[in-house]
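With chain A held as given, fit chain B onto it using these hints.
Okay, here's what each chain looks like letter by letter:
There are 2 protein chains.
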Amino acid sequence: MQNSERPFIFITNDDGIQAKGIHVLIEEMSKIGDVMVIAPNTGRSGMAHAITFSSPVRLHKHKNENGLMVYDMTGTPVDCVKMALDKFFDRKNPDLLVSGINHGSNASICSIYSGTVAAAREGAINGIPSIAFSSLDFSPDADFDAFRPYIQTIAHHVIEQGLQRNVFLNVNFPCHDTANIQGIQVCRQTKGIWIEEFDKRTDPHNQDYFWLTGHFENYEPEARDSDEWLLKQNYITAVPLQVETTDLNSIQSLQTLNTNSIIHHSTIQYNAKN
Amino acid sequence: MQNSERPFIFITNDDGIQAKGIHVLIEEMSKIGDVMVIAPNTGRSGMAHAITFSSPVRLHKHKNENGLMVYDMTGTPVDCVKMALDKFFDRKNPDLLVSGINHGSNASICSIYSGTVAAAREGAINGIPSIAFSSLDFSPDADFDAFRPYIQTIAHHVIEQGLQRNVFLNVNFPCHDTANIQGIQVCRQTKGIWIEEFDKRTDPHNQDYFWLTGHFENYEPEARDSDEWLLKQNYITAVPLQVETTDLNSIQSLQTLNTNSIIHHSTIQYNAKN
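Residue numbers (our numbering), protein chains in the order written: chain A, -4 to 269; chain B, -4 to 269.
To be clear, the hints were calculated from the coordinates, so they are not data collected in a lab.
Just so we're clear, the structure is a prediction, and the values are computed from it rather than from any experiment.
Note that beta-carbon positions come from the ideal geometry of N, C-alpha and C, so glycine has one too.
Among these hints, one or two may not hold up.
What the hints assert, rightly or not - As a list, the in silico DSSO-like pairs of lysine-lysine whose alpha-carbon atoms are at most 30 angstroms apart:
1) A/K227 with A/K186
2) B/K186 with A/K186
3) B/K195 with A/K82
4) A/K87 with B/K186
5) B/K195 with A/K58
6) B/K195 with A/K195
7) B/K58 with A/K195
8) B/K195 with A/K56
9) B/K15 with B/K56
10) B/K186 with B/K227
11) A/K58 with A/K26
12) A/K195 with B/K87
13) A/K15 with A/K87
14) A/K87 with A/K58
15) A/K82 with B/K15
16) B/K87 with A/K87
17) B/K56 with A/K186
To be verified - The following residues of chain A were derived to be distant from chain B, with all beta-carbon distances above 10 angstroms:
18) Q13
19) K15
20) E22
21) A43
22) D136
23) V162
24) E215
25) W224
26) K227
27) A233
28) S245
For reference, chain A alone in the conformation it holds in the complex:
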């Protein structure tokens, strides 16, 4: 399937096979190795780590020539990774998985909602060195050319040095002055929250419906080691994210919940809330 002298690289995204960002990754990864693509057949942004098992999925081949194999699929980004693992990798993992380039930021808490990031997480779960790439420019015709050499740098680094087991990289590109990018900074995810607002409208049949909108609230706008701050300084940020999420500290503090018997609560009284 692939030329054994070159790295084998798997590519997916969540904006769909037609998005500009994934084609930049295909071009850049084809300089490094043999490439396989399975991407959603349409935009699946905000799908996080969703999988499709209540309905079937379909797979459609685009091309298989000159070390480039391209498919699209009706499922989620994580479905695309799982399909590749089951049907194409033949128990030999690729040397690298890249997801994106997402049209829109996946910095800070956005990483939780992102299908682009989830595809890289699924790669890491399966032992594949994985990187999610996103640009703060969400425009469909965003110009990603300035990021190409950095994509090369990061991809080469991960192929050569690897990543810790169950850790993957969440890379974001700044968008305001791409001619003067300051470099790459490995950093932590900013603490913040996405505050949603549902925009209520009424359809022609007099029924209400809602559009999800919202804004990001940065809890630490001055934190110089956080991705949001570094992106504002025109750095490319690379945040190592882990799959494992057990909070070991809380296991200790919650020991009082351990029980070998049933506790009855019928007599507990609650006071008025303040």
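For chain B alone, coordinates are given in the frame of chain A:
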């Protein structure tokens, strides 16, 4: 909206408003406080932390009487939490969020794919003490009665003691001998993987389609402090999960990726893979 002398509890799930599990939670939480429910209008299992912003959502009121307010929604479990935050909580968070009871295990790595768990994660992100409840019995008519007193114990504990900021509980109930449950154990998530297989079929129009199936592989079947092992011993498991996933150790080991200049790779040679 709610009686101010009783706790205010928000309930959702991913199996949909018609599922048996959520009605057990509604009954049990109504013993403790005033209850608001927004649940998906149909099953949305495996939706993880997905949100809906590319299409509108609709909200439908079922009832609002005697301290119980029930809605369903066309969105994902996380959408349900976000809708409640925006339209119903009026900047006063509930005292508790519970999600479930999921019909099916969300132990180990399943927590990453689960909409039930994601709803609790979204609660924690927003500062609400949150618990996901799941049963290993995925049958639609599963008998959850044996779990009721334990649900009371855990809910009371979390209301009274709280949880660490950005931490929530992922609770799973065993299913094989519910008359002899051994108690509750706070523990860590088992290291393991869900290995997917796509079952290929051909439709009447001679086109291929795929159903996602698979099996769980436990990397540490003898780990006595892990949820899978404890569930096999007939314990109820409560795993504290954290929202934050930056791997701080990797920030240090990846310092060589930091750069203030562009590196050119045109001369890098790869050797044959073994």
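Evaluation of the provided hints:
Simply put, A/K227 and A/K186 have alpha-carbon atoms about 15 angstroms apart, close enough for the 30 angstroms limit, and the pair holds. At most 30 angstroms may separate the alpha-carbon atoms for a hinted pair to count; B/K186 and A/K186 meet this at roughly 27 angstroms. For the proposed pair B/K195 and A/K82, the alpha carbon gap of about 10 angstroms is at most 30 angstroms, so the pair holds. At roughly 21 angstroms between alpha-carbon atoms, A/K87 and B/K186 fall within 30 angstroms of each other, so this suggested pair holds.
For a cut-off of 30 angstroms, the pair hint linking B/K195 to A/K58 stands: about 21 angstroms separates their Cα positions. Restraint check for B/K195 and A/K195: not satisfied, since their Cα atoms lie roughly 42 angstroms apart, outside the 30 angstroms limit. Restraint check: the Cα-Cα separation between B/K58 and A/K195 comes to about 21 angstroms, which is no more than 30 angstroms; the hinted pair holds. At most 30 angstroms may separate the alpha-carbon atoms for a hinted pair to count; B/K195 and A/K56 meet this at roughly 15 angstroms.
A hinted pair counts as satisfied when its Cα atoms are at most 30 angstroms apart, and B/K15 with B/K56 qualifies at roughly 19 angstroms. Using a Cα cut-off of 30 angstroms, the hinted pair B/K186 and B/K227 holds, with the two alpha carbons roughly 15 angstroms apart. Between A/K58 and A/K26 the CA atoms are separated by roughly 18 angstroms; this keeps the pair inside 30 angstroms, and the hint holds. Taking the CA atoms of A/K195 and B/K87, the gap is near 21 angstroms; set against the 30 angstroms cutoff, the hint holds.
Of the pairs offered as hints, the one joining A/K15 and A/K87 holds, with about 29 angstroms between alpha carbons and a cut-off of 30 angstroms not exceeded. Under the criterion of a C-alpha separation no larger than 30 angstroms, the hint pairing A/K87 with A/K58 is consistent with the structure, at around 21 angstroms. At roughly 36 angstroms between alpha-carbon atoms, A/K82 and B/K15 are farther apart than 30 angstroms, so this suggested pair is violated. For the hint linking B/K87 to A/K87, the alpha-carbon distance of about 52 angstroms lies beyond 30 angstroms, and the restraint is violated.
The hinted pair formed by B/K56 and A/K186 fails the criterion: a straight-line CA distance of about 35 angstroms is larger than 30 angstroms. No Cβ of chain B comes within 10 angstroms of the Cβ of A/Q13; the nearest lies about 15 angstroms off, and the non-interface call holds. With a cut of 10 angstroms on Cβ distances, A/K15 stays outside the contact zone with chain B, its closest approach being about 18 angstroms. No beta-carbon of chain B comes within 10 angstroms of the beta-carbon of A/E22; the shortest separation is about 14 angstroms.
Residue-level check failed: A/A43 sits 4 angstroms from the nearest beta carbon of chain B, not beyond 10 angstroms. For A/D136, the non-interface assignment is confirmed: its Cβ lies about 19 angstroms from the closest Cβ of chain B, beyond the 10 angstroms cut-off. Non-interface call for A/V162 relative to chain B: violated, since the shortest CB-CB distance, roughly 5 angstroms, does not exceed 10 angstroms. No Cβ of chain B comes within 10 angstroms of the Cβ of A/E215; the nearest lies about 12 angstroms off, and the non-interface call holds.
Distance to chain B confirms A/W224 as a non-interface residue, since its nearest Cβ pair spans about 14 angstroms, more than 10 angstroms. Residue-level check passed: A/K227 sits 17 angstroms from the nearest beta carbon of chain B, beyond 10 angstroms. For A/A233, the shortest C-beta to C-beta distance to chain B comes to about 6 angstroms, within the 10 angstroms cut-off, and the non-interface label is violated. Its closest Cβ contact with chain B, about 4 angstroms, brings A/S245 to no more than 10 angstroms, contrary to its assignment away from the interface.
Violated hints, in rising order: 6, 15, 16, 17, 21, 23, 27 and 28; the structure is consistent with all others.
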